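Undergrad: Each chain, written out:
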Amino acid sequence: MQDTIRSQIQRSKVLGRREIARGLVVLKFQNSFVAEKAAPGQFVNVLPKIDFSDPFLRRPFSVYNTSGDSAEIIIQDHGRGTAILAATGIGEHLDILGPLGNPWKYNETTFETAILVIGGAGVASMPLLAKQLEKDNKLYAVYYGARNKSLFADEYLRKIEYSTDDGSKGFHGSVIENVRKDLNVGKYSKPKIFVCGPTGMMRSAILLANEFRIPCEVSLETEMACGIGICQGCPVETSIGEAESTGRKFHLVCTQGPSFAKEQIVL
Amino acid sequence: MQDTIRSQIQRSKVLGRREIARGLVVLKFQNSFVAEKAAPGQFVNVLPKIDFSDPFLRRPFSVYNTSGDSAEIIIQDHGRGTAILAATGIGEHLDILGPLGNPWKYNETTFETAILVIGGAGVASMPLLAKQLEKDNKLYAVYYGARNKSLFADEYLRKIEYSTDDGSKGFHGSVIENVRKDLNVGKYSKPKIFVCGPTGMMRSAILLANEFRIPCEVSLETEMACGIGICQGCPVETSIGEAESTGRKFHLVCTQGPSFAKEQIVL
Amino acid sequence: MREINMGVSIGGVEFQNPILVASGTYGYGSEAKDYCDISGLGGIVTKSVSWKPRPGNYPRRIVETASGMLNSIGLANVGVHAFVDEKLPYLENFNTKIIANIAASSTEEYCNVLRHIEENASKNLVGYEINVSCPNVKDGGLSFGTNVARVEELTKALRPLTKKLLIIKLTPNVTSVAPFAAACEASGADAISLINTVLGMSVDIHTRMPRISTVTGGLSGPAIKPIALAKVYEARKACTIPIIGIGGITSASDVMEFLIVGASLVQIGTANFINPNIGNQIFSELRNLLIDKGIVNIQDVVATLKVADQMKALGW
Amino acid sequence: MREINMGVSIGGVEFQNPILVASGTYGYGSEAKDYCDISGLGGIVTKSVSWKPRPGNYPRRIVETASGMLNSIGLANVGVHAFVDEKLPYLENFNTKIIANIAASSTEEYCNVLRHIEENASKNLVGYEINVSCPNVKDGGLSFGTNVARVEELTKALRPLTKKLLIIKLTPNVTSVAPFAAACEASGADAISLINTVLGMSVDIHTRMPRISTVTGGLSGPAIKPIALAKVYEARKACTIPIIGIGGITSASDVMEFLIVGASLVQIGTANFINPNIGNQIFSELRNLLIDKGIVNIQDVVATLKVADQMKALGW
Ligand SMILES: Cc1cc2nc3c(=O)[nH]c(=O)nc-3n(C[C@H](O)[C@H](O)[C@H](O)COP(=O)(O)OP(=O)(O)OC[C@H]3O[C@@H](n4cnc5c(N)ncnc54)[C@H](O)[C@@H]3O)c2cc1C
Ligand SMILES: Cc1cc2nc3c(=O)[nH]c(=O)nc-3n(C[C@H](O)[C@H](O)[C@H](O)COP(=O)(O)OP(=O)(O)OC[C@H]3O[C@@H](n4cnc5c(N)ncnc54)[C@H](O)[C@@H]3O)c2cc1C
Ligand SMILES: Cc1cc2nc3c(=O)[nH]c(=O)nc-3n(C[C@H](O)[C@H](O)[C@H](O)COP(=O)(O)O)c2cc1C
Ligand SMILES: Cc1cc2nc3c(=O)[nH]c(=O)nc-3n(C[C@H](O)[C@H](O)[C@H](O)COP(=O)(O)O)c2cc1C
Ligand code: FES
Ligand code: FES
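Protein chains in written order, with my numbering: chain A, 1416 to 1682; chain B, 1416 to 1682; chain C, 417 to 732; chain D, 417 to 732.
Source of the hints: derived by calculation from the structure; they are not laboratory data. Some hints could be false.
[Said to hold, decoys possible] Derived lysine-lysine pairs resembling BS3-like cross-links, with alpha carbons at most 27 Å apart:
no.: 1; chain 1: B; residue 1: K1452; chain 2: B; residue 2: K1546
no.: 2; chain 1: A; residue 1: K1464; chain 2: B; residue 2: K1553
no.: 3; chain 1: A; residue 1: K1428; chain 2: D; residue 2: K449
no.: 4; chain 1: B; residue 1: K1605; chain 2: B; residue 2: K1546
no.: 5; chain 1: C; residue 1: K728; chain 2: A; residue 2: K1664
no.: 6; chain 1: D; residue 1: K722; chain 2: C; residue 2: K468
no.: 7; chain 1: A; residue 1: K1664; chain 2: D; residue 2: K653
no.: 8; chain 1: C; residue 1: K449; chain 2: B; residue 2: K1452
no.: 9; chain 1: A; residue 1: K1452; chain 2: D; residue 2: K449
no.: 10; chain 1: B; residue 1: K1664; chain 2: C; residue 2: K728
no.: 11; chain 1: B; residue 1: K1664; chain 2: D; residue 2: K709
no.: 12; chain 1: C; residue 1: K554; chain 2: D; residue 2: K449
no.: 13; chain 1: B; residue 1: K1584; chain 2: B; residue 2: K1602
no.: 14; chain 1: D; residue 1: K653; chain 2: C; residue 2: K728
no.: 15; chain 1: A; residue 1: K1452; chain 2: A; residue 2: K1602
no.: 16; chain 1: D; residue 1: K653; chain 2: B; residue 2: K1664
no.: 17; chain 1: C; residue 1: K554; chain 2: C; residue 2: K539
no.: 18; chain 1: C; residue 1: K554; chain 2: D; residue 2: K554
no.: 19; chain 1: B; residue 1: K1574; chain 2: B; residue 2: K1584
no.: 20; chain 1: D; residue 1: K554; chain 2: A; residue 2: K1464
no.: 21; chain 1: B; residue 1: K1546; chain 2: B; residue 2: K1564
no.: 22; chain 1: D; residue 1: K554; chain 2: A; residue 2: K1664
[Unchecked claim] Label-pair distances were calculated between CB atoms; the ranges are:
no.: 23; chain 1: A; residue 1: R1495; chain 2: D; residue 2: R703; range: 31 to 41 Å
no.: 24; chain 1: B; residue 1: N1517; chain 2: D; residue 2: Q726; range: 24 to 34 Å
no.: 25; chain 1: D; residue 1: K579; chain 2: B; residue 2: R1562; range: 50 to 60 Å
no.: 26; chain 1: A; residue 1: G1506; chain 2: B; residue 2: E1570; range: 53 to 63 Å
no.: 27; chain 1: C; residue 1: D725; chain 2: A; residue 2: R1628; range: 25 to 35 Å
no.: 28; chain 1: D; residue 1: V723; chain 2: B; residue 2: N1517; range: 46 to 56 Å
no.: 29; chain 1: C; residue 1: D716; chain 2: D; residue 2: K709; range: 34 to 44 Å
These numbers were taken from a predicted model, which means no experiment stands behind them. Even glycine gets a Cβ: it sits at the ideal position worked out from N, Cα and C.
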């Protein structure tokens, strides 16, 4: 724990709103704090409705991009909270708590090539990671899979290996198969997988990484109440540490994640 | 009870929004049903938030004006529900149940001159009444009192006797004193008072009417859940009818009011 | 498309669908008929009726709360004579089942009211719901509903008086609803309904007076849905007679939750105040939901809650 | 401008203001310190601590509901040893009062935990809050809190072990909280706090599984405020020891409601999740409210509910 303030609550004015793919809306908002401090993989916790208690809790969103004193999030149409947030107009305000959670572990020296594996709407935390890797002059590749070509939110990403379930763009099949194909031919030196997407796809990524004995970090989504470690509401079962008498042990996704090395968790 | 449908729920598009006095916003909305059926003194019950349960209940508002297939309400800044409603933008939709309640009893032959007595924001049900009286070629006068001149919402009214607490417009003093002054000099033949305003002011109006032995009808506001007589939540104590063993008897403001002859109620 | 069977039968009475409207939230039908096709409802539970007419409590009777409301109507009603003379005949016009809800302050009064209705019953009156759970009157109400022995005694006294459905409406304001559910079954009730409102309070900080004239009132609406589901679940494990689930229902998905935890029928209460036609809307939503899920028989949903083996092993 | 006295003294302990944060909703202070000036709070009630560390329940542990949430954390905590070694020393850095909340599954465990903290207490630890009201663990929790005799026995066992504040935290999941309040007073508690969460449930209609792993969970947030106020009011009439009011507080006006019905202090729970600095915000709002109303002493607000004579005459 650092002693400087890592995150804070800020009323943030919405500066831009655009729909980048079917059901995906990007909101750009003024928040110098998030813009300055957010590292790749961190998230913000956004109140769907200021002053009203239904919906009640904040909603977590990855920091999608930052520039100057503004930051962006992608909001995927999911339920009542995201419906309200996605409808926020330019000039309105969001109540934002962040940045929260830990960054992707992109600084480790245990890998040479970062393989960013994205499933569907799990793209949000990847652009900042790619940007950082470029800044750090690291090798990386991006694998991006979706059901069909209308679902890609690829505006901030380069060097993408696309795949689609219906074959409408890139490799016809799953993103994991697409990665496997290239790992099979030894395309990357000392790769590490960074993966975000649906749970099933992340499980497959872990199996793939185990098969090739390469490191893999997954970014998890769990329901959160606080986002800052005070409610204990966001556990993921962990495989690490002495099992207690009760035989279970958990990590908190908000403060110990949202991304975990595949060995740390039971998915 | 008539057998034709008196009122219904309609999603109504907001066509206009204007601030007519400090803290008073008029919303104009498309609702042919209300526009056609609403009689002077009736109200509509408006949902502050569609699809969310906080705030929860509908809010009642008098029908302020109607024209063609649209109707208007005045919203006075009061609490959370009115704050949301007053902020409704043009093109957005209101969920409106109405028209509800009974009209002012302006058809009685027991009076010759209608004296419309308005306190502060209680103006909303008066323009339709004045319009109707004109249509019916009835004599009427309008007394309108407010704290100061910035608070008058008089756009649809004519022949107004103004009064202000601070003397900034018209008679310096209460609206009741202003009426009394003219009753004292016998200005009106067979008058009946129609009054809407703060409770204290309506009490004074009743006392005045008693003093001059003239009829008086008051329009009441009580908290309402349903507005249609099914919750029994909106009682006003009545002085009419046999007192039961418990010594109390009530009228429902929503279906038996909102306006009552002064003899019907205990205010 | 296969036929969807929305009918539910309890105690030999066939309801055309599981969606009823709750006592005190729908008047006697006549008020809501402008907004609602009453014949589309599974049934109507009428406002609690007592022997004599009751004027109800002094205002203020209602106050909005977060996602709900408090009420203290105080069982305002026309009395059983006007009820059978005026209200029941009117309700005969509709093709739906009528359940008469009865409130009283003594076993004798409960019996008298039921007997009087029974003697004058209309053809679509299918049963009685016994309100032992109103928090807003001093006499009767909760003094019955929080005492297992009194509920048992009352049920036994009423049972011989009718062959129609005898439903006991329970309160959530008890430590455990299980013994009440079991007692109702043991003493011959055909079903139980729950929950009535949750005791609550609100204060005007400016006048320092309670916002509800009777100090406390009954909380209803979406706020209490989680409480209601937990009570229905508890009752489901404690008895085998059908349960009518009530509390905070505003959507077909809410209805499904109640059915899954164990209710055979549901009642919609406060939501009628927001939209008096909500019962019919929920009916068609629910039907579509079943179609989407390939469920042909609504009764197949009842009491199908699945608890993970892992959690069962831990005693949950 | 006259000085406003926001201080409240209970059992000889002077709290700088009546606004505390509730157990389980503020961790051990270290997590929230980035967002909140902890020294501005009246006090912190720490997360329930048990003898051994507890991992807590399997996910899913939380679910949003209308104006509230359900939780079943399962008393996840570091255990009393880590608590005194790591958490209490850290909390000494702040100029606020600390109350250690204790959960256990037997009288013996409650006593052991309290004794261990007592022996290692830090200087700003002013008392203990005894959690007999957690609905989310199978052992202990509610089995104590719904049984007057057990609460009494436990209070009597704990009382001799400390001169610090002994506060019993009661559950709303009982028919009547009055006998519990009276029993706490009779057996030597300095205060009672209420309410803990209300038992509730939520179902995923697609999987037909409970949304909370332990099937039921505890409901908190604005939805339960009316329930909490009614319970505090009931308790206020049943005992004379101070009451700490808890349940759905999100504003200064909410705090005033609790004070008026009879709470001397309040705790903010779930609202911390939305805004971890809410305690301080409410403090300054509350101070302004008192200034507006010309009240110079916050204690003058406590238990000042006014009931209309008319209603009193009717027995309310
Ligand atoms: C660390 C993290 C980063 C995320 N980043 C993004 C992102 O960049 N873009 C994006 O569109 N979504 C993201 N999500 C998921 C997003 O938070 C949920 O889609 C959103 O909370 C759903 O809210 P709702 O009201 O629309 O749905 P509802 O289903 O109505 O929500 C009900 C409750 O469940 C919670 N919930 C439902 N689904 C999820 C979920 N998948 N994850 C967490 N909580 C959930 C809600 O927060 C709320 O408390 C992220 C989640 C986490 C934990
Ligand atoms: C028949 C009738 C006609 C009305 N006409 C108008 C009108 O034309 N213009 C206008 O501005 N206002 C009118 N009112 C008052 C208006 O309904 C309230 O100001 C409004 O409901 C307050 O809602 P809120 O959420 O802003 O206040 P809050 O105080 O937050 O509301 C809390 C609860 O109290 C109820 N409530 C509070 N004050 C009143 C009140 N005075 N009357 C009824 N319920 C209240 C609300 O409906 C809500 O249920 C009328 C009321 C009635 C009964
Ligand atoms: C205004 C109002 C009046 C009620 N009157 C009665 C009544 O007379 N008899 C009764 O058994 N229940 C009565 N109830 C309780 C409801 O029937 C229902 O049990 C409760 O409101 C919970 O359901 P809901 O959350 O859907 O409203 C009343 C509820 C409300 C809100
Ligand atoms: C996530 C969560 C965890 C809680 N953990 C505890 C606990 O460990 N011990 C305890 O006594 N109460 C616990 N509570 C109950 C709160 O302290 C409080 O009594 C309750 O939430 C009602 O207040 P609220 O509506 O302000 O949240 C917890 C509540 C929540 C929401
Ligand atoms: S969301 Fe509260 S601890 Fe993680
Ligand atoms: S508001 Fe429901 S009866 Fe009048």
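Undergrad: Determine whether the Cβ-Cβ distance between V723 (chain D) and N1517 (chain B) falls within the hinted range of 46 to 56 Å.
TA: For V723 (chain D) and N1517 (chain B) the Cβ distance comes to about 34 Å; the hint is violated.
Undergrad: The hint says 53 to 63 Å between G1506 (chain A) and E1570 (chain B); measuring C-beta to C-beta, is that right?
TA: For G1506 (chain A) and E1570 (chain B) the Cβ distance comes to about 29 Å; the hint is violated.
Undergrad: Compare the distance between the alpha carbons of K449 (chain C) and K1452 (chain B) with 27 Å, and conclude whether the hinted pair is satisfied.
TA: 18 Å, holds
Undergrad: Note whether the CB distance of R1495 (chain A) and R703 (chain D) lies within 31 to 41 Å or breaks it.
TA: 35 Å, holds
Undergrad: Given the hint that K1452 (chain A) pairs with K1602 (chain A), test it: the Cα-Cα distance must not exceed 27 Å.
TA: 34 Å, violated
Undergrad: Are the Cα positions of K1546 (chain B) and K1564 (chain B) separated by 27 Å at most?
TA: Distance of about 23 Å is within 27 Å: holds.
Undergrad: Indicate whether the distance between the beta carbons of K579 (chain D) and R1562 (chain B) respects the range 50 to 60 Å.
TA: The hint (50 to 60 Å, Cβ to Cβ) holds, given that K579 (chain D) and R1562 (chain B) are roughly 58 Å apart.
Undergrad: Check whether the Cα positions of K1664 (chain A) and K653 (chain D) lie no farther apart than 27 Å.
TA: Answer violated: K1664 (chain A) to K653 (chain D) is near 44 Å, above 27 Å.
Undergrad: Given the proposed pairing of K554 (chain C) with K539 (chain C), does the C-alpha separation stay at or below 27 Å?
TA: The hint is violated at about 34 Å.
Undergrad: Next pair to validate is K653 (chain D) with K1664 (chain B); report whether the Cα-Cα distance is within 27 Å.
TA: 31 Å, violated
Undergrad: Measure nothing beyond the straight line between the CA atoms of K1605 (chain B) and K1546 (chain B); if it is 27 Å or shorter, mark the hint as holding.
TA: 20 Å, holds
Undergrad: Regarding the pair K1584 (chain B) and K1602 (chain B), is the alpha-carbon distance no greater than 27 Å?
TA: 21 Å, holds
Hint check: violations occur at hints 2, 6, 7, 10, 11, 12, 14, 15, 16, 17, 18, 20, 26, 28, 29; the rest are consistent with the structure.
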